[in-house]
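Trainee: Now for the letters of each chain:
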Amino acid sequence: DAGVIQSPRHEVTEMGQEVTLRCKPISGHNSLFWYRQTMMRGLELLIYFNNNVPIDDSGMPEDRFSAKMPNASFSTLKIQPSEPRDSAVYFCASILQLGGELFFGEGSRLTVL
Amino acid sequence: KQEVTQIPAALSVPEGENLVLNCSFTDSAIYNLQWFRQDPGKGLTSLLLIQSSQREQTSGRLNASLDKSSGRSTLYIAASQPGDSATYLCAVQNTGNQFYFGTGTSLTVIP
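As you go down the protein sequences, you meet chains P and E in turn. Under the working numbering, think of the first position of the first sequence as 256, with each following residue one higher. Under the working numbering, think of the first position of the second sequence as 11, with each following residue one higher.
Everything labelled a hint here was simulated from the structure, so no lab data went into it. There may be inaccurate statements among the hints.
Unchecked claim - Chain P is faced by these chain E residues, among others (derived, beta-carbon under 10 Å):
{"no.": "1", "residue": "A20"}
{"no.": "2", "residue": "S38"}
{"no.": "3", "residue": "N42"}
{"no.": "4", "residue": "Q44"}
{"no.": "5", "residue": "F46"}
{"no.": "6", "residue": "G51"}
{"no.": "7", "residue": "Q61"}
{"no.": "8", "residue": "R65"}
{"no.": "9", "residue": "Y86"}
{"no.": "10", "residue": "L99"}
{"no.": "11", "residue": "N107"}
{"no.": "12", "residue": "T113"}
{"no.": "13", "residue": "G114"}
Values in this document were obtained by computation on a predicted structure and should not be read as measured data. The C-beta atom is built at its ideal place from N, Cα and C for all residues, glycine as well.
Model the full structure from these sequences, guided by the hints.
Mentor: Written out as structure tokens, the structure reads:
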């Protein structure tokens, strides 16, 4: 299996622009997670989906952030409008089922100028 | 809320030495505990997964133990190598399908 695939790997944008990050989980995995990692705060859970349904979005910073999972093989995390404090590495991860092993993608490094 | 702590935050050892990384958690109602490795600029790579009913797991030079009742896990690395230099994170999965991560231990193995 190709593992969890994220795109783009790097994104540099200007404040106020819309950013869309994409994730393809491992085939057959039922749960998908979006995390944000910064030096100051470490890994933070933003949202997770179970069977394509958002279960917990309490970690989403504010209304500027939104996430969708239209089908079992694709998810997006959108930031609109972006701000410099959104600069971080965004990770997508998936697991087969509750209690299973969590697998991460390589991450999307976002820089907002 | 579950809290996960890793001590030390950083560790530097000479090549060949055996070492232990520590992970502690506050709520023992977990499904499992997982150890990850993260290289600079990379994602997290799963090293070992220990189910709550298990006491330890081994993979090559790595051995992870779990004492759920005391809220502790250790990752033992035998005969360390420079290629082991990375940040090591532990995470516990609770019954609500959420993962709680420690802040990691940054390991440097000196040739």
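Trainee: Each hint should be assessed against the structure and marked as holding or not.
Mentor: Going down the list of hints, with the structure as the test:
no. : hint : result
1   : A20  : 14 Å, violated
2   : S38  : 16 Å, violated
3   : N42  : 6 Å, holds
4   : Q44  : 6 Å, holds
5   : F46  : 8 Å, holds
6   : G51  : 8 Å, holds
7   : Q61  : 7 Å, holds
8   : R65  : 17 Å, violated
9   : Y86  : 20 Å, violated
10  : L99  : 8 Å, holds
11  : N107 : 5 Å, holds
12  : T113 : 5 Å, holds
13  : G114 : 7 Å, holds
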